[in-house]
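Spelled out from the first residue to the last, the chains are:
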Amino acid sequence: MADLHFLANPARFRRFSQRVMPSLSFATGLALLVGLYFALVQSPPDYQQGETVRIMFVHVPSAWLSMAGYALLAVLGASLLVWRHPLAALVARAAAPVGACFALVCLITGSLWGRPMWGTYWVWDARLTSMLLLFFLYLGHIALSRAYDDPDRGDRAAAILALIGAINLPIIKFSVDWWNTLHQPASVMKLGGPSIHPAILTPLLWMAGSFLLLFILLVLVRTETEIDRRRLEIADQSA
Amino acid sequence: MTGFTALVARDLRLVWRRPGDVTVVLAFFVVATVLFPLGIGPESNLLARIAAGVLWCAALFASLLSLDRLFAADYDDGTLDLLLLAPWPLELAALAKCAAHWIVTGLPLVVLAPFLGIAFGLDRDSLLALAATLLVGTPTLSLIGGLAAALTLGARRSGALLALLALPLCVPTLIFGAGAIETMAMGKNFTTHLAILGALALVALATTPWAMAAALRQAGE
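If you read the sequences in order, they're chains A and B.
For the first sequence, the residue numbers in the numbering used here are 1 to 239.
For the second sequence, the residue numbers in the numbering used here are 1001 to 1221.
Chain A extracted, bound-state conformation:
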């Protein structure tokens, strides 16, 4: 909690983020290089999926991060509404498009993978559908936070939406699962199998780690931009 209060001052946060930025960028680049080496060169092709399994090394981390990103939005929304944490709004504004991009990457790579494996770019599979709905929830959050002339109102409305969305996500997931089994019970695709071989798991974890670093890096850069933008707006108003 003390750390949160420490970073609540945007100027202090800016100094902090500028200090960690060089080493964070370096770590992100390095982890991406190692992860891509494992994913594209070192790991063997899957015995069923062939070379297309390599798409999974981008697809799965994107899916994880897009879900974690929405959870982050909900936490930020709660801290904005409860403690009026001044930085939470800026971080949420910065993080929502990043999370939406990861959801979109997940959808696109998924459909590129589905074309050779399932023979079609899109099936109304429960997981695909709920990821699509998550993407729509992100779009709603982004649109709402930018729909007001007064940015504070947009931030707080989006915070309420993030909390309601976080309550509804499990319900949506459950209902989509139910809907899918009702409509096409036989064609449920199963990915991977009971366990993942270490040769696949190592690059996956490396890629997940590097994507996490990339997510943090992008959010930090975008948060700094938001702070600058607010400063300019305030300077503009007082001038």
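Treat each hint with caution, since some may be false.
According to the in silico footprint, chain A covers these stretches of chain B (three or more CB under 8 Å from chain A) [as the list claims (entries may be wrong)]:
#	stretch
1	1149 to 1162
2	1209 to 1218
Far from chain A, some chain B residues (derived; all Cβ distances over 10 Å) [said to hold, decoys possible]:
#	residue
3	V1008
4	R1013
5	R1017
6	P1042
7	A1048
8	R1069
9	D1125
10	A1131
11	L1165
12	P1168
13	G1179
14	N1189
Hints in this document: simulated from the structure, not taken from any laboratory.
Please read these numbers as outputs of a predicted model, since none were measured by experiment.
Yeah, the Cβ is synthetic: ideal placement off N, Cα and C, and Gly gets one too.
Fit chain B to the supplied structure of chain A, relying on the hints for placement.
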């Protein structure tokens, strides 16, 4: 509770004195539904198969159509400021607005939908199931839509934004509402679907008034 009924009665009276707002919504529901056979073709097996989904989607759109004025009129003429100052909970006021919205749009849709279902060739049991699911499901649509209306109050392009916010949250209701009729058509019992629709309505009833009140307080600041 007198405040609650007074607010519902006031909203109903406002609608009664200007009935055009509601009849337009109902006309939209009928016209939108009728467009589907024209677009897809008059084959009766196909129409009976898609009837539940079409009617549910049309009901969802129709209930969204009238929502952007739900709080906006009160916001513009200052009623909302008085509600904010009033010594009784804003959550109840928001709930009363949603209740009035449901009475003037949700309830007529419940009555109207079975007649359109006949045109789609649904049998008697399916028509009953349609009316039952709409009766249990439309309150959820009014509550979620009311939340979206409160969140977009005073925003730019609030109408389109409202739909973008409300539609993903309405997906569970749509799935179980339309799914119930399909289950019925397969000769199975649809009480599970009805129970889940009721559960969704109760969850919406327990969560959305707080969020609506929070959003309205910000709008009033």
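Hint by hint, here is what the structure shows:
With 8 residues having a beta carbon nearer than 8 Å to a beta carbon of chain A, the stretch 1149 to 1162 of chain B meets the requirement of three or more and the stated coverage holds. Counting residues of the stretch 1209 to 1218 of chain B whose beta carbon lies closer than 8 Å to any beta carbon of chain A gives 4, which reaches the threshold of three, so the coverage claim holds. Its beta-carbon lying about 24 Å from the closest one in chain A, B/V1008 satisfies the requirement of being farther than 10 Å from that chain. Every beta carbon of chain A lies more than 10 Å from that of B/R1013, the smallest distance being close to 30 Å; the non-interface claim holds.
Distance check on B/R1017: its Cβ is at least 32 Å (rounded) from any Cβ of chain A, clearing the 10 Å threshold; non-interface status holds. Residue-level check passed: B/P1042 sits 25 Å from the nearest beta carbon of chain A, beyond 10 Å. The beta carbon of B/A1048 sits about 17 Å from the closest Cβ of chain A, which is more than 10 Å, so the claim that it is off the interface holds. Interface exclusion of B/R1069 from chain A stands, the closest Cβ pair being 17 Å apart, more than 10 Å.
For B/D1125, the condition that its CB be more than 10 Å from all CB atoms of chain A holds, with the nearest at approximately 18 Å. No Cβ of chain A approaches the Cβ of B/A1131 within 10 Å, the least distance being about 21 Å, so the stated non-interface status holds. Not every C-beta of chain A lies more than 10 Å from that of B/L1165, the closest at about 5 Å, which undercuts listing it as non-interface. The claim that B/P1168 is not at the interface with chain A is violated, since a C-beta of that chain comes within 10 Å of its own (minimum 4 Å).
The beta carbon of B/G1179 sits about 6 Å from the closest Cβ of chain A, which is not more than 10 Å, so the claim that it is off the interface is violated. Chain A leaves B/N1189 outside its interface by the beta-carbon criterion, the shortest separation being 14 Å against a cut-off of 10 Å.
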